[in-house]
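Colleague: Once you've looked at the hints, dock chain B against the given chain A.
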Amino acid sequence: MELPAQTFQVTRADLVRYAGASGDFNPIHWSDRVATKVGLPGVIAHGMFTMALVGRAVTGWAGSPDAVVEYGVRFTRPVVVPDDDQGTEIEVTARVREVTEDGLTRLEVTATCLGEKVLSQARATIRTAR
Amino acid sequence: MPLDPSFVGRTYPPTAPYQVGREKIREFASAIGATDPAHHDPEAARALGHPDVVAPPTFPVIVTMAASSQIIEDPALGVDYSRLVHGDQRFAYTRPVVAGDELVCTNTIEDVSTRGGHGFLTTRTDVSTVGGEPVVAVWARYVIRGEA
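Which chain is which? The protein sequence lines are A and B, in order. Numbered per the working numbering, the first sequence spans residues 74 to 203. Numbered per the working numbering, the second sequence spans residues 1029 to 1176.
Okay, chain A solo, but in the shape it has when bound:
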């Protein structure tokens, strides 16, 4: 079963806010000068910010903010965030892999940016019955 796609807009302002909230001030997430110096095309989103947005999609599908039992991803491709008002977009979809007898639902999640997968092995287990 496929779950309905959710889309998240990501701008530079979002990265600055996430840096402050998370305490991750690595300059590749806010300085084009530093990002390009280390070989990136430009400022990229924190992997953990992408993971947090995908987590929002997961709790959205679960219907409860406290329903996630397990959640893991592999970061495979950077999310480049241009310095304009639109930024970029991350689209998140998921497929139900398994529903267990003890009320757990295992999801296989796909996150893409500009049509390219940015995560692999993205899996979440949610509690479906409270």
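Source of the hints: derived by calculation from the structure; they are not laboratory data. A portion of the hints provided could be inaccurate.
[Unchecked claim] Simulated restraints on C-beta separations:
(1) A:Val107 <-> B:Arg1143: 24 to 34 Å
(2) A:Met74 <-> B:Gly1159: 32 to 42 Å
(3) A:Thr149 <-> B:Pro1065: 30 to 40 Å
[What the hints assert, rightly or not] Computed footprint of chain B on chain A, listed as stretches where at least three residues anywhere in the stretch have a Cβ under 8 Å from a Cβ of chain B:
(4) 80–94
(5) 113–122
(6) 132–143
(7) 155–169
C-beta atoms are modelled at their ideal positions from N, C-alpha and C, and glycine is treated no differently.
Modeller: Just chain B now, kept in the frame of chain A:
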């Protein structure tokens, strides 16, 4: 310099307690656009059976990333931070983090390896309350890029 595989299985001393504040959870939830009332309103969280506002699933990384400096900055292990790339991240929750928690991290090195000139480091951080109640186990895998 390849990472020393003899570090596999090493456990570090527990970190100083991290006090989870209600405003920090609200700030983090707002930063990721998580608008569910249980992240912001203690009454909404209590209706779900929690003592105070509930943190979003990736919130524990605030605590574990700070704690992992114990490993990343261990001079004996010798990780070159400038070549460090975050590869994988995984959380297994006993329960969600809630405001008022005082969390202690215990770091263990689960795996150290070198392949194709790159170093790989897997850490597990067991996050529990100061009272010893397990809250979440957090794994991170880092790639230390080799000299090209």
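Colleague: Now, for every hint given, state plainly whether the structure supports it.
Modeller: Structure-based check of each hint:
1. Taking the beta carbon of each, Val107 of chain A and Arg1143 of chain B are about 28 Å apart, inside 24 to 34 Å as hinted.
2. A hinted range of 32 to 42 Å holds for the C-beta pair Met74 of chain A and Gly1159 of chain B, which are about 41 Å apart.
3. With their beta carbons about 34 Å apart, Thr149 of chain A and Pro1065 of chain B fall inside the hinted range of 30 to 40 Å.
4. Beta-carbon proximity to chain B at under 8 Å applies to 6 residues in the region 80–94 of chain A; the threshold of 3 is reached and the given coverage holds.
5. For the region 113–122 of chain A, the stated coverage by chain B holds: 3 residues have a C-beta nearer than 8 Å to a C-beta of that chain, and at least 3 were required.
6. For the region 132–143 of chain A, the proposed coverage by chain B is satisfied: 7 residues have a C-beta within less than 8 Å of a C-beta in that chain, meeting the threshold of three.
7. Figure legend: the region 155–169 of chain A, annotated as covered by chain B; annotation inconsistent (0 residues with Cβ-Cβ distances under 8 Å, at least 3 required).
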